[in-house]
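Just need the whole structure built from these sequences, with the hints factored in.
2 protein chains.
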Amino acid sequence: MVVKVYGPAYASPKRVLVCLVEKDIDFETVPVNLFTGENKTPEFLKLQPFGSVPVIQDGDFTLFESRAIIRYYAEKYKSQGTDLLGKTIEEEGLVNQWLEVEAHIFEPPVFNLVQQIMFSPYFGLTGDEKVIKESEEKLAKVLDVYEDRLSKSKYLAGDFFSLADLSHLGFTDYLVGPCGKGYMIKDRKHVSAWWDDITSRPSWKKVIETYGVPF
Amino acid sequence: MVVKVYGPAYASPKRVLVCLVEKDIDFETVPVNLFTGENKTPEFLKLQPFGSVPVIQDGDFTLFESRAIIRYYAEKYKSQGTDLLGKTIEEEGLVNQWLEVEAHIFEPPVFNLVQQIMFSPYFGLTGDEKVIKESEEKLAKVLDVYEDRLSKSKYLAGDFFSLADLSHLGFTDYLVGPCGKGYMIKDRKHVSAWWDDITSRPSWKKVIETYGVPF
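Here the protein sequences line up with chains A and B, keeping their order.
Under my numbering, the first residue of the first sequence is numbered 10, with each subsequent residue one higher.
Under my numbering, the first residue of the second sequence is numbered 10, with each subsequent residue one higher.
In short, the hints are calculated from the structure, not lab data.
Honestly, I wouldn't trust all of these hints.
Because identical chains cannot be distinguished in the list, a pair is counted as satisfied if it fits within a single copy or across any two copies.
[Stated by the list, open to error] Taking lysine-lysine pairs in the DSS-like style, the calculated list, with each CA pair at most 25 Å apart, reads:
#, residue 1, residue 2
1, K96, K85
2, K142, K49
3, K49, K161
4, K32, K96
5, K87, K142
6, K198, K142
7, K139, K195
8, K55, K147
9, K163, K198
10, K55, K161
11, K150, K55
12, K147, K49
13, K13, K32
14, K147, K195
15, K163, K55
16, K142, K96
17, K214, K195
18, K150, K49
19, K198, K55
20, K96, K139
21, K215, K142
22, K32, K214
23, K150, K161
In structure tokens:
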């Protein structure tokens with residue numbers, strides 16, 4: 010059974026795509042255009058009642074929320090492809106801890122920067138300079154903690170690549186590319202080495218070359 | 010070894026406390042006063058570099074982020090106390106899905122309401138009426154999806170109480186109590202029955218009676 014992934018062009022679904030490639034799981038993608046409201050049709054809302062992507066369908070099993078989906082596949086195919094959860098339950102705890110940090114502490118300021126710098130011009134709007142400044146200051150403090158952490162272990166949860174690392178790829182790629190904030194990564198030695206490492210993985214290269222950005 | 014939980018008076022740490030009670034795990038608590046900045050001391054930042062609660066210490070293992078901690082204990086003591094993850098890997102997937110919904114879709118508008126209605130007066134400020142109105146509208150739509158979901162299964166992830174349900178307790182208790190928004194729950198038949206059910210569990214009663222609110 011081939012896994013069906015809805016909305017591959019966007020940043021959150023890319024978590025799922027990278028995970029599936031790392032785990033050697035076959036999948037096909039179904040485009041969903043958020044700009045024309047394809048995510049708000051009655052048919053789509055039956056799959057995902059909040060109208061977000063990604064959603065996966067795997068036989069008759071449907072699951073949404075990108076971080077729930079990657080946990081599901083990392084656990085279900087634990088011994089196939091790259092192990093993305095660590096070897097012990099404590100390592101898995103740390104993977105989950107840094108996944109939560111990514112979700113609640115790292116992503117919010119990055120999302121604000123992406124919205125103000127990358128998406129606003131697309132809609133003919135000017136980004137809010139105050140929000141940009143505050144978000145950059147907030148993100149700088151978060152990245153200082155990452156710098157310290159990554160000076161002690163090669164990856165966020167320890168010396169193994171995990172869901173916690175791959176979960177950063179989509180939005181950080183926007184930050185470094187279209188947002189022009191790559192110096193926030195490059196200026197921090199260990200964060201920079203980590204970013205070079207995780208973006209050079211074949212899984213990410215394949216996903217970014219195949220699915221690009223939403224516009 | 011008794012688990013040490015930092016910051017028991019606040020809403021997020023209560024996820025951990027309820028989970029530990031449900032799993033029959035002994036713990037002790039260490040008060041951390043966020044209002045006087047005890048979470049920003051160098052000593053505390055060594056435990057939790059972002060200065061948030063909760064943090065747990067379990068022997069020489071330290072873990073932060075409430076939802077990572079409850080996943081750790083639910084998995085580590087899977088067959089002790091209440092099973093909070095479901096019986097199959099698909100059920101666990103749904104537990105994780107609704108935990109993510111709680112974190113990313115449910116909590117943000119509730120948090121805004123708590124901040125504007127409950128915390129602002131404490132600091133001598135008046136809550137922002139616009140934020141209150143927008144947050145209530147947003148939350149109403151989320152609760153409509155919950156109403157539909159809970160008309161089909163007794164709990165969020167299925168017909169079993171799980172981490173996804175207990176994760177709502179702390180902030181929803183503020184919403185219903187100090188924020189005076191209990192009608193948002195009561196006006197929805199299935200959400201109301203679910204709320205009555207999960208708040209009548211001995212674990213929640215014990216936690217709320219013992220640790221109360223932060224002021």
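A quick look at each hint next to the structure:
1. K96 / K85: both (15 Å within a copy, 13 Å between copies)
2. K142 / K49: between (33 Å within a copy, 23 Å between copies)
3. K49 / K161: between (45 Å within a copy, 22 Å between copies)
4. K32 / K96: both (16 Å within a copy, 23 Å between copies)
5. K87 / K142: neither (42 Å within a copy, 45 Å between copies)
6. K198 / K142: For K198 and K142, the Cα distance is within 25 Å only inside one copy (23 Å; across copies 45 Å).
7. K139 / K195: within (24 Å within a copy, 40 Å between copies)
8. K55 / K147: between (37 Å within a copy, 19 Å between copies)
9. K163 / K198: within (12 Å within a copy, 50 Å between copies)
10. K55 / K161: between (45 Å within a copy, 13 Å between copies)
11. K150 / K55: between (40 Å within a copy, 15 Å between copies)
12. K147 / K49: between (33 Å within a copy, 16 Å between copies)
13. K13 / K32: For K13 and K32, the Cα distance is within 25 Å only inside one copy (15 Å; across copies 36 Å).
14. K147 / K195: Intra 17 Å, inter 38 Å, cutoff 25 Å: intra-copy only.
15. K163 / K55: between (41 Å within a copy, 19 Å between copies)
16. K142 / K96: neither (40 Å within a copy, 47 Å between copies)
17. K214 / K195: within (20 Å within a copy, 50 Å between copies)
18. K150 / K49: Between copies, since 14 Å is at most 25 Å while 36 Å is not.
19. K198 / K55: Result: close only across copies, 21 Å inter versus 46 Å intra.
20. K96 / K139: neither (44 Å within a copy, 48 Å between copies)
21. K215 / K142: neither (33 Å within a copy, 44 Å between copies)
22. K32 / K214: within (15 Å within a copy, 43 Å between copies)
23. K150 / K161: For K150 and K161, only the intra-copy Cα distance (18 Å) is at most 25 Å; the inter-copy one is 44 Å.
Figure legend: structure checked against the earlier numbered hints; hints not met, in rising order: 5, 16, 20 and 21.
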